[in-house]
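Undergrad: Sequence:
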Amino acid sequence: MYVDALAEFGVGGSHPGGLLLTKKLLDNEEIQSSSSILDIGCGTGLSAYYLYEKYQCDVKACDIHPMMIEKANQRFKLANYPIEVVYGDAEALDFPDCSFDYLLSESVTAFTDSRYSLKEYWRVLKPQGRLIAVEMVHDESLPKPDQEKIKAFYRFQSFLTIDQWKQKLFENNFSSIIIEPYLPKEVQEDIINDISPSASIHPKLHDTVLEHGDIVQTYREKMFPVVITATK
Numbered sequence: 001m002y003v004d005a006l007a008e009f010g011v012g013g014s015h016p017g018g019l020l021l022t023k024k025l026l027d028n029e030e031i032q033s034s035s036s037i038l039d040i041g042c043g044t045g046l047s048a049y050y051l052y053e054k055y056q057c058d059v060k061a062c063d064i065h066p067m068m069i070e071k072a073n074q075r076f077k078l079a080n081y082p083i084e085v086v087y088g089d090a091e092a093l094d095f096p097d098c099s100f101d102y103l104l105s106e107s108v109t110a111f112t113d114s115r116y117s118l119k120e121y122w123r124v125l126k127p128q129g130r131l132i133a134v135e136m137v138h139d140e141s142l143p144k145p146d147q148e149k150i151k152a153f154y155r156f157q158s159f160l161t162i163d164q165w166k167q168k169l170f171e172n173n174f175s176s177i178i179i180e181p182y183l184p185k186e187v188q189e190d191i192i193n194d195i196s197p198s199a200s201i202h203p204k205l206h207d208t209v210l211e212h213g214d215i216v217q218t219y220r221e222k223m224f225p226v227v228i229t230a231t232k
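Sequential numbering from 1 applies to the sequence shown in my numbering.
These are computed hints drawn from the structure, not numbers from a lab. Misleading hints may appear alongside valid ones.
Claimed, not checked - Once the Cα atoms are required to be at most 27 Å apart in a straight line, the calculated DSS-like pairs of lysine-lysine come out as:
no.: 1; residue 1: Lys149; residue 2: Lys222
no.: 2; residue 1: Lys222; residue 2: Lys166
no.: 3; residue 1: Lys24; residue 2: Lys54
no.: 4; residue 1: Lys119; residue 2: Lys23
no.: 5; residue 1: Lys119; residue 2: Lys166
To be verified - Quick list of simulated restraints, FRET-style, between CB atoms:
no.: 6; residue 1: Phe170; residue 2: Glu53; range: 15 to 25 Å
no.: 7; residue 1: Arg155; residue 2: Pro127; range: 17 to 27 Å
no.: 8; residue 1: Glu180; residue 2: Lys77; range: 14 to 24 Å
Just so you know, these numbers come straight off a predicted model, no measurement behind them. All residues carry an ideal CB built from backbone N, CA and C; glycine is no exception.
With the hints as constraints, model all of the structure from the sequences given.
TA: This is the structure:
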């Protein structure tokens, strides 16, 4: 339901920190016009749009939600950018081995079965390829019932601590793993509004957005976003 709300409202940069965080992360990498980049779970395409606009590189994008795909393709068509968003399941990517220099995953992997998605990330990256991700994590002191409540609302398959993410990446052969908290104060300052709402939005989805706000406020001391970078 939460992802459906994002799709119906057409929220771009819906991950913590929004596009400004994306820009900071990409500025730390050595992206060239010759680089190949896959944006997994691209949503309405805001990050992929920025990647092509700034670097003029080879950008591929995929998502699992039909409405996200439609709205992202509309964005690229209006801009006359050579990007086509295709259906793509992070757990079974339809791309050859060693295809990309960079893989961008912004608030995506937690919604997948990481036993498969992280293997796929590693597979499609070139040797020395870079994974750049943003995820929500929880403090170790968050009670189990609250963890399950949050997982159920967002339909996360994984709601992990920083140490658990490090372990999963290590188990999937990633190296140079760095995971750093992104402070809630910065999240509020960095959000850029980019919205393309559908003509008709179900009232329940408005309630979903409100409930999301309540969860973020209630658990702001125990649940926070992190930036993840790792190398194949």
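Undergrad: Next step is simple, just say for each hint if it's right about the structure.
TA: Hints, verified against the model:
1. Lys149 <-> Lys222: holds, 13 Å
2. Lys222 <-> Lys166: holds, 18 Å
3. Lys24 <-> Lys54: holds, 13 Å
4. Lys119 <-> Lys23: Holds - the C-alpha atoms of Lys23 and Lys119 are around 26 Å apart, at most 27 Å.
5. Lys119 <-> Lys166: holds, 14 Å
6. Phe170 <-> Glu53: 15 to 25 Å: 34 Å Cβ-Cβ, so the 15 to 25 Å window is violated.
7. Arg155 <-> Pro127: 17 to 27 Å: Roughly 34 Å apart at Cβ, these two residues miss the hinted range, so it is violated.
8. Glu180 <-> Lys77: 14 to 24 Å: Distance hint for Glu180, Lys77 is violated at roughly 36 Å.
Violated hints for the displayed structure, listed by number in ascending order: 6, 7, 8.
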